[in-house]
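Residue numbers (our numbering), protein chains in the order written: chain S, 1313 to 1447; chain W, 4 to 210.
These are calculated hints, taken from the structure and not from any lab test. From the three backbone atoms N, C-alpha and C, an ideal C-beta is built for every residue, glycine too. Any given hint might turn out to be false.
[Claimed, not checked] Under 10 Å between C-beta atoms, here's a sample of chain W residues computed to sit facing chain S:
1) Leu41
2) Arg46
3) Ala62
4) Asp68
5) Leu71
6) Leu152
7) Thr168
8) Leu199
9) Arg203
[Claimed, not checked] Computed list of chain S residues with no C-beta within reach of chain W, every gap over 12 Å:
10) Ile1359
11) Val1375
12) Ala1377
13) Leu1385
14) Asp1424
15) Val1429
[What the hints assert, rightly or not] Pulled from the structure, derived: some chain W residues nowhere near chain S, Cβ distances all over 10 Å:
16) Arg47
17) Arg57
18) Asp58
19) Gln67
20) Glu84
21) Lys100
22) Arg102
23) Arg103
24) Arg104
25) Gly112
26) Leu114
27) Ala148
28) Gly185
29) Ser187
30) Glu188
31) Arg197
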Amino acid sequence: MSEHDVERRDEALERRAREVFEASVEQLDVGTRARLRAARQAATAEIESRQRPAWQGWLPVAVAASAALVAVLLWRAPAESPVPVASSGATAAIDALEIVAAGDDLDLVAEDLEFYVWLEQAGLDVPDAHDGGQG
Amino acid sequence: MMGPATLEVVSTELPADGECSRREEASLDAAETLDHFLAGVERRAFRIAQMALRDRDDALDVVQDAMLHLARSYGGRPSGEWRPLFYRILYNGIRDKQRRRTVRSRLFGLLPGSRTDEDGPREDPFERVADGAPGPDRQLMADQAMQRLETAVAALPPRQREAFTLRCLEGMDVAETATAMGCSEGSVKTHYFRALQSLRAALGEVY
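Take these sequences, add in the hints, and give me the full structure.
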């Protein structure tokens, strides 16, 4: 057999093998095709998840951390509120203690003690005078 | 087949702003490109794996692993490089499966009365259920022709089988086949020539 004949036989063999192979590929059963499709979808999902920006992976963590921070701030806010609250007896006593502790106004208090007594009495008398004026 | 280097085109032609949307588009495009590529090779890859392993489930496992491996390890590479890489992964999986079978059959062969893979491939009863596609006579002839081809190809040494399936059945050129087999182009030619010689001897009368 000449070299040319061998080549022709090889080409015929290759062509026939391809035909038979292609036919067997086309005749794959439905179950096998379904499993191959599922495998392909899994691979596609893999590449989608891999190419997603890195920050998207941290997004749930960032949201949870922000929510926790806001909760802590809201919880601590009343204790540190700049809004003035009404003076109670305890806070008045603390204010008086601070005045005494400061010391620099004590002389003024001693000199004008009579004035303060008068002021207190006048203050007590004011509501009576006011009531009398209206009556 | 595939549009070459679709991934790279997308990443370079878009404007610099809008990084997030650009990445999402690239990701979508990569997923679509991969889906298209795999849809084009999955059935052929399965038949090649089945010819080598002579078992449907093992072949499906190997193809599925190869798909995932390609997506994980080479999904970011230009799509033009995927085909030889995919078949390289596939043949690594086939060899691994065959090695495990050999070890398993040796181990179980030590047990009295055990059935080994050398007794023949496991039979899936659903494969006998009629698919209804071609006529019975034509189906029978095609089955017989494929059976002869499978038997002859399965009898080839592994490297000759790889060279024949990639060059002849998958239609790769010598360079792609060399990449897929992880050897030189000269080795591919040698393996392929010897494979043809063996197949000519085995199938020459009927093919």
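Here is how each hint holds up against the structure:
| no. | hint | in the structure |
| --- | --- | --- |
| 1 | Leu41 | holds, 4 Å |
| 2 | Arg46 | holds, 5 Å |
| 3 | Ala62 | holds, 9 Å |
| 4 | Asp68 | holds, 9 Å |
| 5 | Leu71 | holds, 5 Å |
| 6 | Leu152 | holds, 5 Å |
| 7 | Thr168 | holds, 9 Å |
| 8 | Leu199 | holds, 5 Å |
| 9 | Arg203 | holds, 6 Å |
| 10 | Ile1359 | violated, 4 Å |
| 11 | Val1375 | holds, 17 Å |
| 12 | Ala1377 | holds, 21 Å |
| 13 | Leu1385 | holds, 29 Å |
| 14 | Asp1424 | holds, 74 Å |
| 15 | Val1429 | holds, 77 Å |
| 16 | Arg47 | violated, 5 Å |
| 17 | Arg57 | holds, 14 Å |
| 18 | Asp58 | holds, 12 Å |
| 19 | Gln67 | violated, 4 Å |
| 20 | Glu84 | holds, 15 Å |
| 21 | Lys100 | holds, 16 Å |
| 22 | Arg102 | holds, 22 Å |
| 23 | Arg103 | holds, 20 Å |
| 24 | Arg104 | holds, 21 Å |
| 25 | Gly112 | holds, 30 Å |
| 26 | Leu114 | holds, 32 Å |
| 27 | Ala148 | violated, 5 Å |
| 28 | Gly185 | holds, 22 Å |
| 29 | Ser187 | holds, 22 Å |
| 30 | Glu188 | holds, 19 Å |
| 31 | Arg197 | holds, 12 Å |
When each numbered hint is compared with the structure, violations occur for hints 10, 16, 19 and 27.
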